[in-house]
Amino acid sequence: MIGLVLVSHSARLAEGLAELAAQMAPDVRILPAGGLSDGTLGTDFDAVSTAVDRAESGDGVLLLYDLGSAKMTADLAVEMLGDPSRAAVADAPFVEGAVAAAVAAQGGGDLDTVMTAAVSAGAPE
Amino acid sequence: MIGLVLVSHSARLAEGLAELAAQMAPDVRILPAGGLSDGTLGTDFDAVSTAVDRAESGDGVLLLYDLGSAKMTADLAVEMLGDPSRAAVADAPFVEGAVAAAVAAQGGGDLDTVMTAAVSAGAPE
Amino acid sequence: MTCNAEGVIAAMRSVAQVVEAHRDELVTLDREIGDGDHGENLKRGFTAVLSKLDNAGDTPGAVLKIVASTLISTVGGAAGPLYGTGFLRAAAKLGTAETLTPESVADALQAALDGVVARGKAEVGDKTMVDALTPAVAAARETSGSIADVLKAAADAADKGAQDTVPLVARKGRASYLGERSAGHMDPGARSTALLLRAFADAAS
Amino acid sequence: MTCNAEGVIAAMRSVAQVVEAHRDELVTLDREIGDGDHGENLKRGFTAVLSKLDNAGDTPGAVLKIVASTLISTVGGAAGPLYGTGFLRAAAKLGTAETLTPESVADALQAALDGVVARGKAEVGDKTMVDALTPAVAAARETSGSIADVLKAAADAADKGAQDTVPLVARKGRASYLGERSAGHMDPGARSTALLLRAFADAAS
Ligand SMILES: Nc1ncnc2c1ncn2[C@@H]1O[C@H](COP(=O)(O)OP(=O)(O)O)[C@@H](O)[C@H]1O
Ligand SMILES: Nc1ncnc2c1ncn2[C@@H]1O[C@H](COP(=O)(O)OP(=O)(O)O)[C@@H](O)[C@H]1O
Ligand SMILES: [Mg+2]
Ligand SMILES: [Mg+2]
Ligand SMILES: [Mg+2]
Ligand SMILES: [Mg+2]
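The listed protein sequences derive, respectively, from chains A, B, C and D.
Take 450 as the starting number for the first sequence in the numbering used here and just add one per residue.
Take 450 as the starting number for the second sequence in the numbering used here and just add one per residue.
Take 12 as the starting number for the third sequence in the numbering used here and just add one per residue.
Take 12 as the starting number for the fourth sequence in the numbering used here and just add one per residue.
Calculated directly from the structure, the hints in this document are not laboratory data.
There could be a bad hint or two in this list.
What the hints assert, rightly or not - Have a look at the derived ranges for each label pair, beta carbon to beta carbon: (1) C:Val180 - A:Val568: 40 to 46 Å; (2) D:Ala103 - B:Glu528: 57 to 63 Å; (3) D:Ala103 - B:Ser506: 48 to 54 Å; (4) B:Glu528 - C:Asn15: 28 to 34 Å; (5) C:Gly190 - A:Met529: 33 to 39 Å; (6) C:Gly190 - A:Asp487: 39 to 45 Å; (7) C:Arg24 - B:Asp540: 49 to 55 Å; (8) B:Asp540 - D:Gly190: 18 to 24 Å; (9) D:Gly190 - C:Arg152: 41 to 47 Å; (10) B:Asp561 - C:Gly190: 33 to 39 Å; (11) B:Glu528 - D:Thr58: 22 to 28 Å; (12) B:Met529 - A:Met529: 50 to 56 Å; (13) A:Asp487 - C:Glu43: 41 to 47 Å.
To be verified - Rough simulated footprint, nothing fancy, chain C against chain B, three-plus residues with beta-carbon under 8 Å: (14) 483 to 492; (15) 517 to 529.
Quantities reported herein were computed from a predicted structural model and do not represent experimental measurements.
From the three backbone atoms N, C-alpha and C, an ideal C-beta is built for every residue, glycine too.
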């Protein structure tokens with residue numbers, strides 16, 4: 450099953466989104482990676498890398514991010530993986546993309562399918 | 450100055466997004482309204498209505514929401530205002546829209562301007 | 012049922028009982044294609060309604076207005092604004108009339124449906140409560156007879172409408188996230204609509 | 012400066028001092044068109060770098076690699092992956108060479124710029140650090156002379172590049188949220204790039 454990593458500047462934002470996305474995807478590993486270790490706002494590369502490891506259960510990991518600098522941190526974390534093809538960063542609306550990706554992962558979708566669900570997510574009806 | 454209300458199923462998500470958006474909009478009233486009073490996930494109509502009152506400083510309030518049912522709660526809160534024209538609900542990506550709206554409000558934009566900033570927000574570069 | 016405020020209050024008490032009794036069923040349905048809270052949401056909402064029913068009002072409309080605002084404030088999920096708006100519109104339609112008639116009941120159901128559609132923008136076939144309420148309103152309008160007859164026809168049609176949501180692919184609400192995977196499950200909101208109408212019909216007979 | 016690993020370590024120490032001394036200035040610039048943390052981000056990053064510099068490596072490339080990974084892990088803002096990638100690419104370009112030459116310094120600066128652009132996708136004129144680094148690289152490539160000469164030319168060009176960001180409207184990074192309102196302020200990242208290059212130039216002379 451594809452795992453998700455939610456890269457945010459805010460710990461609470463990432464954790465809240467993880468609980469929201471988990472509601473419809475109870476079996477998916479959804480790892481929040483938000484904020485700096487001192488509690489201030491920012492993205493923590495080491496926390497993101499650790500989250501990617503933990504989200505991986507064999508099928509790959511999708512990363513989503515809140516703002517542009519979080520995207521750069523996410524990209525870097527993927528590039529530094531032993532096998533960068535095991536993870537991908539979605540250019541998707543953060544909340545809407547994470548929920549859609551979680552549902553797609555829960556449904557057994559592969560990395561491409563989960564990525565497509567994220568990037569094509571809009572505000573739901 | 451336009452105020453913002455962030456309607457979410459999760460208290461942490463709304464609070465984290467409020468702190469993120471406030472970073473670039475220190476003078477804007479950004480009120481999180483997330484979760485149910487018992488701590489579970491859901492949208493709390495009364496909390497949203499209270500947040501709209503608190504976000505109002507005379508120029509109007511923009512509401513953003515995380516998922517479709519939060520939109521319905523937000524719509525209802527606006528309809529029930531004494532003067533519904535003082536607030537509006539943005540169909541915008543939640544995080545991206547809130548940050549863009551906060552910056553537009555900080556810049557002194559009116560309700561239309563702030564709404565436009567929210568709905569035209571995409572993932573930033 | 013007596014067709015005044017007291018009768019509506021009594022009917023709401025049995026609705027609350029039915030919701031409580033079917034909490035787990037609705038949770039299970041919502042777990043399949045949603046977030047698994049529909050039964051709990053409605054139970055929370057109607058438990059709050061119960062606590063407001065004593066002297067809730069002198070007219071059916073006044074009682075339904077209290078029900079509406081209580082559901083809006085307490086349900087916490089999509090069903091809150093949806094049922095809340097439905098009850099609110101029904102209340103407005105009934106106005107200050109002291110008693111219900113078969114015609115005013117059908118009109119109130121129509122107003123409730125219109126309110127649910129205005130709130131949620133769902134069409135028939137989207138796999139939502141609208142798929143139960145729409146045939147229920149049509150059946151109510153076509154039925155002549157007592158209030159009990161009207162509500163029984165509505166409940167029967169809602170049951171069938173809810174059943175008919177099983178093969179549908181959801182296009183509104185959380186279930187729409189599942190796409191094709193939403194087929195094969197009854198929509199929880201359509202089921203709860205059928206349960207509510209059956210409770211009203213039973214209370215009226 | 013001696014053009015080996017030790018010289019680079021010494022230069023990094025003065026960079027860290029310069030960053031510390033200009034923390035507030037960078038914070039103030041970032042408060043105008045960003046989130047007000049650029050000075051604190053870089054201070055946190057280079058303080059961490061300082062603690063890693065003892066025996067950081069035997070070649071300039073090895074030292075820069077440590078600098079890169081430390082910045083990536085500690086800066087916490089856009090400047091982390093951007094400067095981190097820049098230092099990483101510069102380190103890769105220098106390879107295992109024991110000493111720097113004017114040419115290898117210019118090549119390393121070019122590699123750093125390419126890395127920053129690959130990471131952030133900014134073009135000249137977008138009001139970012141690229142607006143300082145791009146003219147700096149061009150000046151470095153055009154300058155013949157000592158390493159100090161090359162770095163001084165780069166720092167002068169970066170100063171001008173940073174100044175020239177003032178009238179621009181930001182198209183990348185947080186400042187792009189401000190649209191037209193971003194004009195009239197110097198880009199904090201362009202300013203810090205100019206400060207870093209000046210610190211290197213001063214260390215080399
Ligand atoms: N836009 C909509 N229009 C009509 N009904 C809807 C809509 N969205 C959701 N529903 C109904 O609400 C039900 C789910 O209610 P509930 O579980 O209480 O809310 P939530 O989805 O917020 O958890 C669905 O089964 C469906 O019948
Ligand atoms: N996409 C980008 N490409 C190049 N430089 C960028 C980009 N985004 C931001 N920057 C630079 O980063 C600087 C801000 O850094 P910093 O404040 O540390 O990060 P953040 O914006 O995450 O708070 C900006 O002034 C700009 O020079
Ligand atoms: Mg539900
Ligand atoms: Mg719910
Ligand atoms: Mg900043
Ligand atoms: Mg920052």
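Structure-based check of all given hints:
1. C:Val180 - A:Val568: 40 to 46 Å: 21 Å, violated
2. D:Ala103 - B:Glu528: 57 to 63 Å: 60 Å, holds
3. D:Ala103 - B:Ser506: 48 to 54 Å: Given about 53 Å between the Cβ atoms, the range holds.
4. B:Glu528 - C:Asn15: 28 to 34 Å: 29 Å, holds
5. C:Gly190 - A:Met529: 33 to 39 Å: Given about 34 Å between the Cβ atoms, the range holds.
6. C:Gly190 - A:Asp487: 39 to 45 Å: 42 Å, holds
7. C:Arg24 - B:Asp540: 49 to 55 Å: 39 Å, violated
8. B:Asp540 - D:Gly190: 18 to 24 Å: 21 Å, holds
9. D:Gly190 - C:Arg152: 41 to 47 Å: At roughly 54 Å between Cβ atoms, Arg152 (chain C) and Gly190 (chain D) fall outside 41 to 47 Å, so the hint is violated.
10. B:Asp561 - C:Gly190: 33 to 39 Å: Distance hint for Asp561 (chain B), Gly190 (chain C) holds at roughly 35 Å.
11. B:Glu528 - D:Thr58: 22 to 28 Å: 53 Å, violated
12. B:Met529 - A:Met529: 50 to 56 Å: 51 Å, holds
13. A:Asp487 - C:Glu43: 41 to 47 Å: Cβ of Asp487 (chain A) to Cβ of Glu43 (chain C): about 43 Å, so the range 41 to 47 Å holds.
14. 483 to 492: holds (count 5)
15. 517 to 529: Coverage by chain C holds for the segment 517 to 529 of chain B (6 residues, Cβ < 8 Å).
Violated hints, listed in ascending order, are 1, 7, 9 and 11; each of the other numbered hints is respected by the structure.
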